[in-house]
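Could you put together the complete structure from these sequences and hints?
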Amino acid sequence: MTARSLLRSLALAVTLLCSSIAHAQLFRAYLAVDGNDANPCTLPAPCRLLPAALAAVASGGEIWMLDSANYNTATVVINKSVRILAVPGAVGSVLAIGGPAINIATAGVDVSLRNLVIAPLPGSGGTNGVQMTAGNSLTVEGSFLSGLTGTGIFVSGAGLKVVDTTIRVIGSGHGISIWNGARATVTRAVISSNTQSAIRVEANAADTTTTASISGSTLEGSYAGLWAQSLHATAVLKVAVTGCQVDRTSIGLHAESSAGAPVTLAASNNLVTNTTVWGIYVNGTGAKAWATGNTVTDNVYGFVAVTNGAFESAGNNALRNNGTDQFGTVTVVPMK
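Using our numbering, you'd call the opening residue of the sequence shown number 45 and step up by one each time.
I should point out that these hints are in silico values taken from the structure, not numbers from a laboratory. Here the structure is a predicted model, which is why all the values come from computation and not from measurement. There may be inaccurate statements among the hints.
Here are the computed distance ranges between Cβ atoms for each label pair [claimed, not checked]:
1. Ser-294 to Ser-103: 41 to 51 Å
2. Ser-103 to Gly-287: 33 to 43 Å
3. Ala-284 to Pro-378: 16 to 26 Å
4. Leu-275 to Thr-239: 13 to 23 Å
5. Thr-239 to Ala-284: 48 to 58 Å
6. Ala-277 to Ser-103: 30 to 40 Å
7. Gly-191 to Gly-359: 37 to 47 Å
8. Asn-352 to Thr-278: 13 to 23 Å
9. Asp-208 to Thr-239: 23 to 33 Å
10. Thr-368 to Ser-103: 51 to 61 Å
11. Asp-208 to Phe-71: 20 to 30 Å
12. Ala-151 to Thr-339: 20 to 30 Å
13. Ala-149 to Gly-191: 18 to 28 Å
From the three backbone atoms N, C-alpha and C, an ideal C-beta is built for every residue, glycine too.
Structure representation (structure tokens):
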């Protein structure tokens with residue numbers, strides 16, 4: 045081989061290496077209905093499916109879906125920080141096939157999903173919509189999760205933000221499930237679950253504090269609008285629900301401590317109606333509900349406190365037309 049040939053070969057190798065690195069470090073990768081996964085996932089040459097785009101994009105980058113189409117053929121595994129969104133006017137679909145539609149189980153990652161439709165492929169054994177069992181944070185914004193047989197969004201031990209999103213579960217899962225040290229905010233969401241809770245907040249891990257703040261949302265057509273429960277003596281729960289409509293559930297807002305851990309429910313300015321059991325309920329030593337400015341009407345029971353659960357009212361709640369407006373001890377504590 046001549047010196048010139050050697051130099052050309054080296055130059056080609058360097059070019060290919062640089063090209064490979066560039067592809068792996070794209071800040072923004074693109075998907076399109078006519079894309080090809082052999083492409084570099086750039087705007088002129090987009091890819092077709094999410095796994096190819098995830099391989100091409102750098103940690104902290106973005107994946108844009110340019111067309112209305114489905115963008116996966118199996119569970120999408122996300123192991124890096126990334127933002128995935130469908131552009132305005134496009135419907136980016138991710139199907140639950142043989143498991144969850146999207147699975148996140150990598151410590152420290154921040155994942156954001158925007159303007160997506162997540163649903164099961166009929167007959168494929170799809171379960172959950174999005175699940176994060178390890179990671180730093182998950183954001184779901186402007187999305188529609190429908191027809192799922194498992195849980196819509198499941199997060200354990202991470203931050204969760206859900207905004208302007210509709211979740212409809214038809215199987216045995218919850219709309220949103222928040223577990224063991226998770227920190228969640230849910231804003232302007234519409235959530236229902238056929239047989240379980242619209243929102244479930246639960247802790248069974250020692251020395252954890254799980255928090256959830258739910259505002260401006262509709263929790264409907266479920267077994268429970270909110271079910272918050274601690275199962276361990278040192279697993280603390282703190283939940284706030286404000287400005288929400290809770291309608292056509294068996295249970296409206298439920299707070300329970302099964303092992304004596306502090307569980308607090310702050311309920312303010314909510315409408316709780318048409319439940320077949322109770323409106324706002326607190327159960328167990330360590331559990332406390334604080335209610336202010338709520339309208340609780342047309343339920344079998346309005347306010348309920350049992351098994352040493354503490355229920356405090358600001359005295360400005362409207363309890364009307366319930367079978368029993370108040371059951372157990374509800375203490376009026378004026379606002380300071």
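Structure-based check of each hint:
1. Ser-294 to Ser-103: 41 to 51 Å: holds, 44 Å
2. Ser-103 to Gly-287: 33 to 43 Å: holds, 37 Å
3. Ala-284 to Pro-378: 16 to 26 Å: holds, 20 Å
4. Leu-275 to Thr-239: 13 to 23 Å: holds, 20 Å
5. Thr-239 to Ala-284: 48 to 58 Å: At 26 Å between Cβs, range violated.
6. Ala-277 to Ser-103: 30 to 40 Å: This hint holds: roughly 39 Å between Cβ atoms.
7. Gly-191 to Gly-359: 37 to 47 Å: Since the Cβ atoms of Gly-191 and Gly-359 sit about 43 Å apart, the hinted range of 37 to 47 Å holds.
8. Asn-352 to Thr-278: 13 to 23 Å: holds, 18 Å
9. Asp-208 to Thr-239: 23 to 33 Å: Roughly 26 Å apart at Cβ, these two residues keep to the hinted range, so it holds.
10. Thr-368 to Ser-103: 51 to 61 Å: Holds, since Thr-368 and Ser-103 (Cβ atoms, about 55 Å apart) stay within the stated range.
11. Asp-208 to Phe-71: 20 to 30 Å: Hint holds: Cβ distance 26 Å, inside 20 to 30 Å.
12. Ala-151 to Thr-339: 20 to 30 Å: violated, 43 Å
13. Ala-149 to Gly-191: 18 to 28 Å: holds, 24 Å
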